[in-house]
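Given chain A's structure and the hints, the job is docking chain B onto it.
2 protein chains.
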Amino acid sequence: MNIAILTIGDEICIGQIINTNASFGQIINTNASWLGHACTEIGAQVLRHSTIGDSTEALLKELKELSQEADCIIMSGGLGPTHDDKTKETLVTYFNDELLLDETTLNNLKARARLRGLPLNQRNMDQALLPSQCTILANPRGTAPGMLFEKDDVIYVSLPGVPSELKGIMNEHVLPLLRSRIERESGKKPFFHTILTKGIPESALADLIGEPEYFLRENESLAFLPSYQGVRLRIGIMHQDKSEAEMRLKEIQQLLCDKVGTYVFGFGNDSLLSVTTGLLKQQGKTISVVESCTSGLLGAAFTQESGSSSYFMGGFLTYSNALKNQLVGVSNSSLDQYGAVSKEVAEEMAKGGRTVLNTDFCISITGIAGPDGGSEEKPVGTVWIAIADAKQVIAKRFSFGGDRAINRERSVAQAIGMLYDVLIHND
Amino acid sequence: MNIAILTIGDEICIGQIINTNASFGQIINTNASWLGHACTEIGAQVLRHSTIGDSTEALLKELKELSQEADCIIMSGGLGPTHDDKTKETLVTYFNDELLLDETTLNNLKARARLRGLPLNQRNMDQALLPSQCTILANPRGTAPGMLFEKDDVIYVSLPGVPSELKGIMNEHVLPLLRSRIERESGKKPFFHTILTKGIPESALADLIGEPEYFLRENESLAFLPSYQGVRLRIGIMHQDKSEAEMRLKEIQQLLCDKVGTYVFGFGNDSLLSVTTGLLKQQGKTISVVESCTSGLLGAAFTQESGSSSYFMGGFLTYSNALKNQLVGVSNSSLDQYGAVSKEVAEEMAKGGRTVLNTDFCISITGIAGPDGGSEEKPVGTVWIAIADAKQVIAKRFSFGGDRAINRERSVAQAIGMLYDVLIHND
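These protein sequence lines are chains A and B, in that order. All residue numbers for the first sequence refer to our numbering, where the first residue is 68 and numbers rise by one. All residue numbers for the second sequence refer to our numbering, where the first residue is 68 and numbers rise by one.
Here chain A stands alone, though its shape is the one from the complex (with noise of 0.2 Å):
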């Protein structure tokens, strides 16, 4: 099953969804990589994503080039209801078809209307006028449903783009029949194992592994994968026999640790947080944080996942230097004498923290994050991270680049990492 991902819409491809979307530097479009997860999942190969403008010519020549080499094409965005969505109409076109109202989609749109108090105006209502042809996919998440076409042996797929939406129809309907359909034919599937290293960049870890034409057959593959928190190593296997293709990854997974294992942390869906927080868990351990350059962003971390309360308290944001005395105590001479960035203050802030807050571990981040502030002697970039606990505060200098942004987000990960490190040293 060959799948071609098509992203629809002008913002997207002329890149305004950076401006539109990530303005708290969180949520991006992130469609096109769920999608691709997902079908990567059921055994599906992804051939492409693709991303056009909101253009009826651009969309048939798309449509009608990935037909000849995709099973099945996925389409998200342009559902909405302006006059700049045109794939409904685009595809009305393709499959020379008709529209229809759907009643059922109607009545879901009246009921949406009544819940939120509003009226249910002609363009709303429009979007139950649905292509004669297709089997509608239900959408109780939103106003436009999702839509699928059968033609000459492809699968076209149409989804609204707001990704909550856009994600319970794949969920509900899409993936279930293109997992069933994976199965019934008797190819091989793909099947998956990563490892997670830190602390070793990528060339040299590729000096430990060697060429991995050495020790991988045919239909075998070794990708590095790298990022702010280590490089991943996925091993890739076609094979017809889960289990015997889960056997193999087992041993080429075996050969590379024993190649690479003091660097490795984790495997598969882990991350470095869910690693350490799992070390925080089975320690029975909590953890607090003092930030000043990232503020909110370790904090925001650590509670990513439901449940963090159980290790998770709490923390102060001392962003001026009057609040680092205020509420963790650093000392007025220390930060005279050493700056707010120094390794001083920063084992103040997590000792000060620490007592205060009374956890076992309090993690400190005092940095210039840029792009102004920086000196020759602290140069932008220049983070100081600190973790305190009941024995002792262990602090390390970092100097990362001239991003602001990304300053931050490293800081945060080599937060997480220093305390990885501690957890999994401690008795």
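I should point out that these hints are in silico values taken from the structure, not numbers from a laboratory. Glycine residues also receive a C-beta, built at the ideal position from the N, C-alpha and C atoms. Heads up, some of the hints might be wrong.
Claimed, not checked - Computed list of lysine-lysine pairs in DSSO-like fashion (alpha-carbon distance at most 27 Å, straight line):
id: 1; chain 1: A; residue 1: 445; chain 2: A; residue 2: 410
id: 2; chain 1: B; residue 1: 128; chain 2: A; residue 2: 131
id: 3; chain 1: B; residue 1: 155; chain 2: B; residue 2: 218
id: 4; chain 1: B; residue 1: 255; chain 2: B; residue 2: 177
id: 5; chain 1: A; residue 1: 463; chain 2: A; residue 2: 348
id: 6; chain 1: A; residue 1: 265; chain 2: B; residue 2: 317
id: 7; chain 1: A; residue 1: 177; chain 2: B; residue 2: 309
id: 8; chain 1: B; residue 1: 309; chain 2: B; residue 2: 256
id: 9; chain 1: A; residue 1: 234; chain 2: B; residue 2: 265
id: 10; chain 1: B; residue 1: 234; chain 2: A; residue 2: 177
id: 11; chain 1: A; residue 1: 265; chain 2: A; residue 2: 326
id: 12; chain 1: A; residue 1: 410; chain 2: A; residue 2: 352
id: 13; chain 1: B; residue 1: 128; chain 2: A; residue 2: 255
id: 14; chain 1: B; residue 1: 234; chain 2: A; residue 2: 445
id: 15; chain 1: B; residue 1: 234; chain 2: A; residue 2: 265
id: 16; chain 1: B; residue 1: 177; chain 2: A; residue 2: 445
id: 17; chain 1: B; residue 1: 155; chain 2: A; residue 2: 234
What the hints assert, rightly or not - Now the in silico label distances, taken between C-beta atoms and shown as ranges:
id: 18; chain 1: A; residue 1: 185; chain 2: B; residue 2: 463; range: 14 to 20 Å
id: 19; chain 1: A; residue 1: 244; chain 2: B; residue 2: 124; range: 27 to 33 Å
id: 20; chain 1: A; residue 1: 128; chain 2: B; residue 2: 325; range: 50 to 56 Å
id: 21; chain 1: A; residue 1: 136; chain 2: B; residue 2: 177; range: 43 to 49 Å
id: 22; chain 1: A; residue 1: 345; chain 2: B; residue 2: 463; range: 15 to 21 Å
id: 23; chain 1: B; residue 1: 425; chain 2: A; residue 2: 180; range: 44 to 50 Å
id: 24; chain 1: B; residue 1: 310; chain 2: A; residue 2: 203; range: 47 to 53 Å
id: 25; chain 1: A; residue 1: 136; chain 2: B; residue 2: 244; range: 32 to 38 Å
id: 26; chain 1: A; residue 1: 156; chain 2: B; residue 2: 164; range: 43 to 49 Å
id: 27; chain 1: A; residue 1: 243; chain 2: B; residue 2: 202; range: 29 to 35 Å
id: 28; chain 1: A; residue 1: 108; chain 2: B; residue 2: 124; range: 30 to 36 Å
id: 29; chain 1: A; residue 1: 464; chain 2: B; residue 2: 124; range: 42 to 48 Å
id: 30; chain 1: A; residue 1: 162; chain 2: B; residue 2: 373; range: 49 to 55 Å
Unchecked claim - Chain A residues, not near chain B, derived (Cβ > 10 Å throughout):
id: 31; residue: 118
id: 32; residue: 159
id: 33; residue: 251
id: 34; residue: 286
id: 35; residue: 403
id: 36; residue: 427
id: 37; residue: 437
Okay, now just chain B, sitting in the frame of chain A:
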């Protein structure tokens, strides 16, 4: 100048990048978006983005196809030192070229290794082997330089996938070249104005505006770009003359503001955050936060830009109930009687935080982010946000959905929107 953007890498195609870089909910592969935006800004037209896996065959096929319709193909990724990076070798095949040692690149590699006290291994040295026909684009931020080829009136640019390196090479080499080529051509360029609205859904906004064909001419367009912070209206115009285009854009902007002006809070590169922090600076006010379910995301948002220390002082992460009481004095009776997610507790958090932190405003957020912890009376997605100033405290209840990450994002967006509403009505 028609541009095609081509992102290369198995990990992007199969969506693994979600797990890799987004594990703290922050950084995702934004190269394609950034490139699309940068190329649009200089007046080029982005035909499409494509993403393909690390496959020599797929890349050769893609380059052949894209060169039929694009004047310039910008590739990113696949230039790393490991065996799964295949872009350079594939380009050598595509252009029927050969690799030569580039001394400048080798010296850069040696200098970088010396600076870090690392040995220079063969894998890294190989990055100085470059195709003889390409123009080498220096990459002072990393090991793999960019490459530029020209063949049959098509420009091919190959860039490393690391975002900071890619942006550096684009800004220093590629964008200036493309800009001068575009200026040499006599054709029309695209110009944009953007109007930012909040507090009105997309379809109601479209109703107020009416059908665009009644006020837009040929070569003019209007796009609706919804996000958690509101709907942005992007007016586009293709024109040969910049000042005439700007005049006409202002005319259309005025016409739209006449129709929907009450919902407009900004223009162009403004964001709800930048407009709100602009008001804080203009009014000389300071702010602090007391966060529970968002646990730092609001503080992180307020400090996203350099210079935020003029208005943002700090805050409390009161994730546990005990800390809500200890740090900002929320009464245990309110916690018992109304629960942590209630009007009363939100108000006490904001008032208490403001008193302790001594700021003009203090914003609190307390909610059930999910997926666990909901009840019939307070389902997952129930969030209370309060703002305290010297005169009063305002609290508002929100009902978001079932997704933890989205609920936290929307809480931050709504908190900033509430602060904007208070500041805009301030004397």
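Discussion item. To test your reading of the hints: which numbers does this structure violate?
Written reply: 4, 6, 7, 10, 17, 20, 22, 27, 28, 31 and 37
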